[in-house]
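Q: Same order as they appear, the protein sequences are chains A and B.
For the first sequence, counting from 1, position 107 maps to 107 in the numbering used here; every step adds exactly one.
For the second sequence, counting from 1, position 72 maps to 72 in the numbering used here; every step adds exactly one.
Keep in mind the hints are simulated off the structure, nothing from the lab.
All of these numbers come straight from a predicted model, not from anything done at the bench.
Hints are not guaranteed to be accurate.
[To be verified] Derived DSS-like pairs: lysine-lysine, alpha-carbon spacing no greater than 27 Å straight-line:
no., chain 1, residue 1, chain 2, residue 2
1, A, K107, B, K62
2, B, K62, A, K110
3, B, K78, B, K11
4, B, K15, B, K78
5, A, K3, A, K69
6, B, K15, B, K62
[Unchecked claim] Computed far set for chain B versus chain A, every beta-carbon distance over 12 Å:
no., residue
7, T20
8, G110
9, R112
Note that beta-carbon positions come from the ideal geometry of N, C-alpha and C, so glycine has one too.
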Amino acid sequence: DAKTTQPDSMESTEGETVHLPCSHATISGNEYIYWYRQVPLQGPEYVTHGLQQNTTNSMAFLAIASDRKSSTLILPHVSLRDAAVYHCILRVFCLQQGTGSKLSFGKGAKLTVSP
Amino acid sequence: NAGVIQTPRHKVTGKGQEATLWCEPISGHSAVFWYRQTIVQGLEFLTYFRNQAPIDDSGMPKERFSAQMPNQSHSTLKIQSTQPQDSAVYLCASSLDSWGGYAEQFFGPGTRLTVL
């Protein structure tokens, strides 16, 4: 899977809307953009994913550039519970048994939320 | 739903000892994954079972590491002759189905293994 680039850290204040950027300049046409987050002493948690269109769910809004070379995870009205390391990764899906299931993360972006 | 359960949460072993880690997937989930996570390497895939059958163990170190899933309610990861470089958080995840890799994985809290 292609590589992604994220800032090492970002700071915010409760109630703000946070924009977490991710660069994936070499993304392939069959790669989905996935976001996970992880707090200390817990396993990763799925946040959202998308292919080409912007997506939204109860946790976040994912904005994907028209050329798909970058994306932004938008967290509205963050709270202290949103403080975590956020991972942006690319995943390929195909019909081969088991292919595309494996996850791998790098360091991610640490989001700090202040009261 | 208790989520994925992993035991123990922490394990300390001496160099050369054996460590067995346990995972209870979410009831009804047919796919079980094992990963390990370190600050340096990040999250690394180890192995994957589907309907208890081993599907992909490409991430498992060829020696000393083995994984089993004797029934649908639990899986074990065994590390023989543990070495300091095996120190990591070992994460288990399960999903409804992983054919084509579409189903989302739900992670347990992990087992922190420390090898002295």
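Q: For each hint given before, does the structure comply? Return the numbers of the non-compliant ones in rising order.
A: Checked against the structure, the hints that fail are numbers 2, 8 and 9, while the rest are satisfied.
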